[in-house]
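Engineer: Given only the sequences and the hints, what does the whole structure look like? Please build it.
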Amino acid sequence: MKWGVVRFPGSLDDGDALHALADVMGQDARILWHKDESLGGVECIVLPGGFSYGDYLRTGAIARFSPIMKSVAKFAADGGLVIGTCNGFQILCEAHLLPGALTRNRSLSFVCERVWLRVENASTPFTRATKLGDVLRLPIKHGEGLYIAPEDELRQMEERGQVTLRYVDADGRESDAANPNGSMRAIAGVANERFNVFGLMPHPEHAVEPMLGGTDGLKIFQSIAGSAR
Amino acid sequence: MQVRVFVTPRTGILDPQGRAVESSLQSLGFKNVSRVKVGKYITLEIDARTASEARDEAKKMCEALLANPVIEDYRFEVDGE
Amino acid sequence: MQVRVFVTPRTGILDPQGRAVESSLQSLGFKNVSRVKVGKYITLEIDARTASEARDEAKKMCEALLANPVIEDYRFEVDGE
Amino acid sequence: MSAHPVSLAGEPGVDVEQARAFGLAPDEYRKIQEIIGRTPTYTELGVFSVMWSEHCSYKSSRRHLRTLPSKSELVVQGPGENAGAIDVGDGWAAVFKIESHNHPSFVEPYQGAATGVGGILRDIFTMGARPVASMNSLKFGSFAHPRTRFLLGGVVGGIGGYGNCVGVPTVAGEVMFDEAYNANILVNAFCLGLVRKGEMMSAKARGVGNPVLYVGSATGRDGIHGASMASAEFDKESEAKRPAVQVGDPFTEKLLIEACLEAGKTGAIVAIQDMGAAGLTSSSSEMPSHGGLGIELDLDQVPLREANLTPYEILLSESQERMLIVAERGREAELQAVFEKWDLHAVVIGRITDDQRWRARWHGQVVADIPIGALADNAPLYDRPAAPPKIQPSAKTSAIKHPETSKALRALLDSPNVASKKWVYRQYDSIVQSNTVLGPGSDAAVIRIKNSRRAMALKVDSNPRACALDPYLGAVGTVCEAARNVACAGAWPVGITNCLNYGNPERPEVMWQFIRGVEGLRDASIAFGAPVVSGNVSFYNETEGHAIPPTPTIAVLGVMIDVARHVTQFFKNPGDAIAIVRTAAPSLAASEYSALFGIDGGSLRAIDLAREAALVEGLVEGSEQGLIRSAHDIAEGGLAVALAEACFNPRAILGAEVELGRAGNADAVDFFGEGASTVILSMAPTDLARVEKLFAGRGLEFAVVGKVIDDPRLKIGSLEEDVSELQRIYEDAIPGRLRGDD
Ligand SMILES: Nc1ncnc2c1ncn2[C@@H]1O[C@H](COP(=O)(O)OP(=O)(O)O)[C@@H](O)[C@H]1O
Ligand SMILES: [Mg+2]
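Chains as they are written, first to last, in our numbering: chain A, 61 to 289; chain B, 625 to 705; chain C, 625 to 705; chain D, 45 to 786.
One or more of the hints may lead you astray.
Each computed DSS-like pair below joins lysine-lysine, with the alpha-carbon atoms no more than 27 Å apart [stated by the list, open to error]:
hint	chain 1	residue 1	chain 2	residue 2
1	D	K759	D	K466
2	A	K134	B	K684
3	B	K655	C	K661
4	B	K684	C	K684
5	D	K115	D	K451
6	A	K95	B	K684
7	C	K655	B	K683
8	D	K494	D	K241
9	D	K103	D	K494
10	C	K684	B	K683
11	C	K661	D	K385
12	C	K683	C	K661
13	C	K655	B	K655
14	B	K661	C	K661
15	C	K683	B	K661
Calculated from the model, a selection of chain C residues having no Cβ within reach of chain D, i.e. all distances over 12 Å [to be verified]:
hint	residue
16	V631
17	N656
18	R673
Here are the in silico distance ranges between beta carbons for each label pair [said to hold, decoys possible]:
hint	chain 1	residue 1	chain 2	residue 2	range
19	B	E687	A	P210	14 to 20 Å
20	D	N617	A	D83	44 to 50 Å
21	A	T275	D	E384	50 to 56 Å
22	D	H389	A	A82	53 to 59 Å
23	B	Q626	C	A688	26 to 32 Å
24	B	S647	D	E553	43 to 49 Å
25	A	G286	D	S496	57 to 63 Å
26	D	S762	C	A688	46 to 52 Å
Hints were generated in silico from the structure; no laboratory data involved. Just so it is clear, CB atoms sit at the ideal spot from N, CA and C, and this is done for glycine as well.
Structural biologist: Spelled out as structure tokens, the structure:
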């Protein structure tokens, strides 16, 4: 499968995503420069973590206007697969390719740690390789990961199964203590209505090698690879 | 022409920063404080002929970039109004 | 009593946020924009008898927490003034 | 053709008083007049005053630093460039350095610490190396002090805010709280980079006529030499003229990292240096001077953030995220294209000359014209008088009898100096770049090198309490501790960088502490064959005559041959044997225990460096042979605390059953003593004999003291504790105090 990892000014985990896809998984992955409009015929676009444009004003607010985002929006509209991790998730929300918004963690401080996530919908192209209720171990590292959306919208998202990952404890139970940033309904990852765009605060690309803290992240990328059109 | 933009967290949308500031104010002994909200205050110069022209520009900027309608409200003042 | 606090980066102090917003606005086609500064807009309720009492409280809060005097300036308005 | 520089309208006159106001001694002022053969202009005086400042000239320390070993077959670059470099194998050089940002962090903790991180990052990537890991060493006042929480939150926030935003993992560090730092906190920032050997960049200018490019943020009045405040005429001007606190812009720094590394690949860069201390002045004088050349600057070309900065301000500004580059003549456009790609602008602001003068023009006039060597390389050097203090320091004592062991252990685990620093490091991105094999929380951090079996281990340490008792032994012990930590992880200590934090060097007892510290560093460095390739000196850490305790901060770089063999501090398997290996018996001198309970720990024991080196060898060989399952160095809190920490395995907590030799009558020293180099090892019982041979064979004390158990209980002789209970105390000590519920 052909993957494109977008590099914005201030992207940080672009290299990590490339490493996970190309070096670890042996996929055909390349960097896409934010000033280009061509997507080079890739089948899945990855918006990586980082602090695009310094995340000034609001996270992802400025990156959303990078030239390449027009093409990404069109690619998504045509049903192409797009995954945004961390800053990528924030950009997708700002670009209205995903519902809701991400704001300051409840603690107001940056948090870097491994968390547990429960798979709430295993039939999306991004979670196919998992089972409903599976508990994944992935790292988070962000200062603005508190997921917010209007209540009525949240309700609809839940009904449609767009809420794909939730923060839980080691035993898969929801609890306030297991919610690292205060996200509404402990939401860690959401898909759009068409289920071809997916955003999550955790970093699957940082959980692909046993020596570096587990391989649960592979399940996300394997799901996508298995969903190639 | 100077424009002052006020961006505030939507009522009903949670404002972690406001909450945190409120509780630290309380713990600093300001017991009589409540309803703390933290928003943004953006000032800028628009080189426009008329105030109404500046207003139109300002509105466009707010909708395009300065505020996120999902979680924020905005209002602005243009100099000499 | 409602208090509105305006916290702005001090003149002469680097305001990377303002700079980023300005260049983004420019590239969005708002060529006639300049001097963009991004600060904080904090609103809160003080349960005080008189406006001057509220003012004193507000000043204390700004100096204790709301503004960082080393790099920020602040001013505030108290309702009914 | 050295035209006589003009003084500018509104500038104060120049005399010995003005010089004094700028911090220049009268004889230094006379030397300046001698060197340039006339009275300097106000601008020139300002330039001299910053370049001859302790910070830039190392005038009090240089002659002592010269005695530090800086060579080995692995040294690729010793002191003299922006950072040092060590060959770590497979064609890679590790570039690293540590630097202080103490005072700015006390004034504005967030920005002070943030810009400290930014500055050390620039020292690394100016060498052509990609920054791959950061560490920091922090000293705050006592937790009880009203300002400590504010400073702690600000400093940690600033380090994270900057480091997280540039994509360099912060993988290790240390934090200490002691009233001795109430009025002078220490913030020392370390950065490690990797570069292909032979692709390193330099700060030595070459090529007469080569253009000088300015890249990065525009110049403002940030952090201009406080001296500009010292003159009334100058000061009565508008408020805006006050020097502004430096604010960091990590986003621009990230662009600079990528752009400078990419520009380096073009080969069009002759020399590059960041505009750090003394900004444009230091970088523009040091690069040509190191190359035996001169420079001519056109200040009208310097990008300004605000209108009408004076030449003085332009030259002395310490605005952040700025680089100065000497380019191959005719290849400016090539470089400019690279920077434009990253939305940065490179502007030509001068040329390299052959006349060995440092000349600046402004509005068509020459405003400064100085023999360049006088600024950069031949600043005055001092041999300051040194003398030991009259009254020898000794730990303050109150004849308290020793607390009951269980209480003492809990109190120690609850002491912020011993307790988990998770509250701090969970605010740092420690995993970006996908190289962090072992992050914060174990003894040393381990960073792998991609596409190689090799890895690097790093740790930063300091021990001001020991240095206060004996500045020489304290420094030796600090190097030993850092080297031992790296060895515990399974790496050979191969290089050292250091930040020497002391009081006012004009006081003989401080100078004595400094010299003894350097001697300790030198002797330990020789013993481990780990040369000192970079560092930094921070003097004048004192307030109202109260100096900080001598605080040499030592960072050691280790090389691991096979990353798969790395070792952590945590017990792994129930049934494993627990052994203790040490170079000498422990003592309570300078221990956390003595400090906590106000007990006189006595004086430091001598350190046998040969045995220290032997211990390091045994540890690394043991891990290379895959014999060691866990290795944990005993530090603050002594053996009991170290055993508890070894049980706190993040995967699954375990227990330990230990008997201390003279069973039953083991006392406080056995439980909580520090000082001596002691390591707790665990290994498969079947490997015991081979491990023992590694150490006993080297004449080190080796004793099997117990075993790892499944049941999460810590049993040391008659002491028995619930490990999860201990862990709760350990984890909550700092957050609890910050919540204010202590
Ligand atoms: N304590 C020290 N030990 C060894 N080298 C040192 C020490 N202090 C400074 N140096 C070296 O002196 C040179 C100048 O130091 P410094 O001024 O801190 O560099 P920079 O100008 O990049 O801040 C550097 O090469 C540095 O490594
Ligand atoms: Mg430097």
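Engineer: Against this structure, judge whether each hint is valid.
Structural biologist: Each hint, compared with the structure:
{"no.": "1", "hint": "K759(D) <-> K466(D)", "in the structure": "26 Å, holds"}
{"no.": "2", "hint": "K134(A) <-> K684(B)", "in the structure": "23 Å, holds"}
{"no.": "3", "hint": "K655(B) <-> K661(C)", "in the structure": "32 Å, violated"}
{"no.": "4", "hint": "K684(B) <-> K684(C)", "in the structure": "37 Å, violated"}
{"no.": "5", "hint": "K115(D) <-> K451(D)", "in the structure": "49 Å, violated"}
{"no.": "6", "hint": "K95(A) <-> K684(B)", "in the structure": "24 Å, holds"}
{"no.": "7", "hint": "K655(C) <-> K683(B)", "in the structure": "15 Å, holds"}
{"no.": "8", "hint": "K494(D) <-> K241(D)", "in the structure": "15 Å, holds"}
{"no.": "9", "hint": "K103(D) <-> K494(D)", "in the structure": "41 Å, violated"}
{"no.": "10", "hint": "K684(C) <-> K683(B)", "in the structure": "35 Å, violated"}
{"no.": "11", "hint": "K661(C) <-> K385(D)", "in the structure": "26 Å, holds"}
{"no.": "12", "hint": "K683(C) <-> K661(C)", "in the structure": "22 Å, holds"}
{"no.": "13", "hint": "K655(C) <-> K655(B)", "in the structure": "47 Å, violated"}
{"no.": "14", "hint": "K661(B) <-> K661(C)", "in the structure": "20 Å, holds"}
{"no.": "15", "hint": "K683(C) <-> K661(B)", "in the structure": "17 Å, holds"}
{"no.": "16", "hint": "V631", "in the structure": "15 Å, holds"}
{"no.": "17", "hint": "N656", "in the structure": "20 Å, holds"}
{"no.": "18", "hint": "R673", "in the structure": "30 Å, holds"}
{"no.": "19", "hint": "E687(B) <-> P210(A): 14 to 20 Å", "in the structure": "18 Å, holds"}
{"no.": "20", "hint": "N617(D) <-> D83(A): 44 to 50 Å", "in the structure": "32 Å, violated"}
{"no.": "21", "hint": "T275(A) <-> E384(D): 50 to 56 Å", "in the structure": "41 Å, violated"}
{"no.": "22", "hint": "H389(D) <-> A82(A): 53 to 59 Å", "in the structure": "33 Å, violated"}
{"no.": "23", "hint": "Q626(B) <-> A688(C): 26 to 32 Å", "in the structure": "30 Å, holds"}
{"no.": "24", "hint": "S647(B) <-> E553(D): 43 to 49 Å", "in the structure": "47 Å, holds"}
{"no.": "25", "hint": "G286(A) <-> S496(D): 57 to 63 Å", "in the structure": "32 Å, violated"}
{"no.": "26", "hint": "S762(D) <-> A688(C): 46 to 52 Å", "in the structure": "51 Å, holds"}
In this structure, the hints that do not hold are numbers 3, 4, 5, 9, 10, 13, 20, 21, 22, 25, in rising order.
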